[in-house]
Amino acid sequence: MTDSLIDRRDLEFQLYEVMNTEALTERERFSEHSKDTFDAVIETADKMAKEKFANHNSAADKDEPKFVNGQVEMLPDVKQAFDAYAEAGFLAGRYDYDLGGMQLPESVMAACNGFFTAANPGTAGYPFLTTAAANLIRVFGNDEQKAKFLPNMLSGRYSGTMALTEPHAGSSLADIRTSATPTDDGHYLIKGAKIYISGGEQSITENIVHMVLAKIKGAPAGVKGISLFIVPKFHVDENGNPGEHNGVSLAGLIHKLGYRGTTSTALSFGDDAPCHGYLVGEPHQGLKYMFQMMNEARIGVGFGAAVIGYRGYMHSLEYAKDRLQGRKASEKNPESPQVPIIDHADVRRMLLAQKAYSEGGLALCLYGARLMDDQHTHPDEQKRMEAGKLLDLLTPVIKAWPSEYGPKANDLAIQVYGGAGYTREYPVEQCWRDNRLNPIHEGTNGIQALDLLGRKIWQDQSHGLQLLMQEMQTDLQAATTDRCQQWALSLSETLQQAVKVTQSLGKSLMGGEVDKTLANASCYLHLFGHIIVAWMWLRQANAAANALASANSDSERNFYQGKLQAAQYFFHWELPTVAQDLVLLRNQDDTCLNMKADWF
1 MTDSLIDRRD LEFQLYEVMN TEALTERERF SEHSKDTFDA VIETADKMAK
51 EKFANHNSAA DKDEPKFVNG QVEMLPDVKQ AFDAYAEAGF LAGRYDYDLG
101 GMQLPESVMA ACNGFFTAAN PGTAGYPFLT TAAANLIRVF GNDEQKAKFL
151 PNMLSGRYSG TMALTEPHAG SSLADIRTSA TPTDDGHYLI KGAKIYISGG
201 EQSITENIVH MVLAKIKGAP AGVKGISLFI VPKFHVDENG NPGEHNGVSL
251 AGLIHKLGYR GTTSTALSFG DDAPCHGYLV GEPHQGLKYM FQMMNEARIG
301 VGFGAAVIGY RGYMHSLEYA KDRLQGRKAS EKNPESPQVP IIDHADVRRM
351 LLAQKAYSEG GLALCLYGAR LMDDQHTHPD EQKRMEAGKL LDLLTPVIKA
401 WPSEYGPKAN DLAIQVYGGA GYTREYPVEQ CWRDNRLNPI HEGTNGIQAL
451 DLLGRKIWQD QSHGLQLLMQ EMQTDLQAAT TDRCQQWALS LSETLQQAVK
501 VTQSLGKSLM GGEVDKTLAN ASCYLHLFGH IIVAWMWLRQ ANAAANALAS
551 ANSDSERNFY QGKLQAAQYF FHWELPTVAQ DLVLLRNQDD TCLNMKADWF
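With the UniProt record's numbering applied, the sequence shown corresponds to residues 1 to 600, in that order.
Check before you lean on any hint, since a few could be wrong.
For each label pair, taking beta carbons as the anchor points, the in silico distance ranges come out as [as the list claims (entries may be wrong)]:
#1 Ala549 <-> Asp63: 50 to 56 Å
#2 Val68 <-> Asp343: 47 to 53 Å
#3 Gly506 <-> Leu548: 37 to 43 Å
By construction, these hints were calculated from the structure, which means they are not laboratory data. Note that CB positions come from ideal geometry on N, CA and C, so glycine has one too.
Given only the sequences and the hints, what does the whole structure look like? Please build it.
Given below as structure tokens:
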């Protein structure tokens with residue numbers, strides 16, 4: 001069985017031949033790095049992911065965490081993996097040298113974390129949440145909060161979570177009821193309940209730092225009254241050491257379809273003891289602050305969906321090459337040797353779809369990581385601003401597209417295996433179960449659709465959309481070979497139709513037809529996402545076509561030809577599916593909007 005999590009040749013191609021990641025070393029922040037250091041840390045991540053994370057992926061799925069006497073019991077392998085990750089410096093990989101970090105680009109850190117998530121999504125969830133929570137404190141916390149929590153979180157002594165969802169409110173954060181009452185001692189008393197809190201309790205770290213949304217008494221209604229608090233599981237002294245229990249209690253564990261290695265918890269705050277919370281930043285600005293962590297998490301969710309899809313693809317590709325079954329349709333002799341199932345065209349169809357989804361999703365997420373690098377480190381202030389606008393626009397797509405098509409890739413991987421794929425003796429069914437969470441958490445894909453069409457497209461007079469069109473035009477013009485020119489023409493024509501539909505929808509929104517216009521937001525997200533991923537495939541095809549002429553080995557020629565054929569698949573089989581979205585959006589179809597609850 002393959003131990004390949006992500007095709008290293010593909011990752012190298014995407015990082016260096018498509019995105020020119022090596023050029024980041026010319027920037028001051030990354031000046032002590034080189035392609036060699038990037039490759040070394042990626043090699044370390046790949047090796048550690050296989051040895052420390054993949055080794056207990058199946059076991060953690062079968063023997064999920066248990067709630068025993070108010071505590072969580074879990075496999076010791078999970079802590080061993082988390083500690084190894086922290087000791088290798090990955091928790092602080094993106095952070096400054098003076099914080100114990102490696103000052104690695106987001107592009108490289110994303111690639112590294114892709115191996116860990118592909119190897120074991122459940123265990124990888126703990127460091128993922130911890131780094132995101134730490135970054136929230138780094139940006140918005142005061143000096144005392146940073147001193148108390150950051151060193152311990154970045155060293156792996158403490159972990160972090162985000163506590164947003166409440167039982168009665170779900171995704172509607174405007175309706176949260178968790179309260180925060182100020183005291184004379186400078187802290188707040190937190191009272192309430194949260195649910196579906198990933199990593200909310202575990203037996204890995206000495207302390208858990210919850211980033212909690214709550215409302216201060218007298219706060220404005222809705223999201224404008226939300227504040228953000230640091231709520232540690234244990235009180236922390238001046239030196240950052242954990243002390244007495246802080247009144248955060250585990251109410252129960254939630255048992256999931258997949259992603260079982262990451263605890264999903266129901267937490268109560270202030271029920272069995274006073275619960276102290278520490279205000280982050282200004283009162284009533286909590287949602288604005290939390291959006292930094294949420295957006296990081298959304299990009300991480302998209303990346304996770306892409307790489308879990310990728311791992312399933314790697315498994316089914318190997319299986320298809322080894323599994324002998326049947327003969328070609330043209331072979332009439334029943335005694336002739338059986339052929340590997342990869343020789344059957346329909347199996348190749350399923351493998352091509354997986355390749356298109358997983359490698360296209362990986363390209364999209366790496367592009368998002370590069371935008372993060374440009375937003376923070378590009379020497380040109382204008383370019384930093386533009387990268388930020390592009391990232392803001394594309395975040396719903398980076399979250400939603402891979403999280404829809406990653407599970408579809410896993411579904412196809414099961415189909416390639418046939419009956420074996422449906423059994424727990426083979427790994428692809430777990431890939432699908434793990435991946436099925438990704439369209440749901442960190443804002444369902446329906447919410448991402450509303451965010452894209454209802455808000456992101458129109459921000460700053462659609463400046464982000466204009467920047468996106470300019471970026472795409474560069475790659476459309478770079479398509480010089482016959483095949484790439486055909487695909488560029490197809491993308492350009494689809495883009496023109498999408499622009500007209502967008503303009504029409506904008507007029508409807510301005511005219512007050514909000515419900516009608518947003519009723520088919522999911523169609524717009526599909527249209528927009530497919531256009532963006534087609535662009536990602538054109539970028540890859542341009543690079544592959546240019547490199548093919550000078551390829552000096554069969555393996556390299558095969559790699560580039562594979563890229564071009566997968567691009568052809570996307571342009572011939574996938575991009576045309578947006579025709580239905582265009583029709584529904586153009587007509588502002590009211591089928592779903594006008595359906596009545598009583599008619600079901």
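Do the Cβ positions of Gly506 and Leu548 conform to the proposed distance bound of 37 to 43 Å? Holds: the Cβ-Cβ distance is about 41 Å, inside 37 to 43 Å.
Is it true that Ala549 and Asp63 lie within 50 to 56 Å of each other by Cβ? Because 53 Å falls inside the window, the suggested range holds.
Is 47 to 53 Å respected by the C-beta to C-beta distance linking Val68 and Asp343? Distance hint for Val68, Asp343 holds at roughly 52 Å.
Taken one by one, the earlier hints all hold for this structure without exception.
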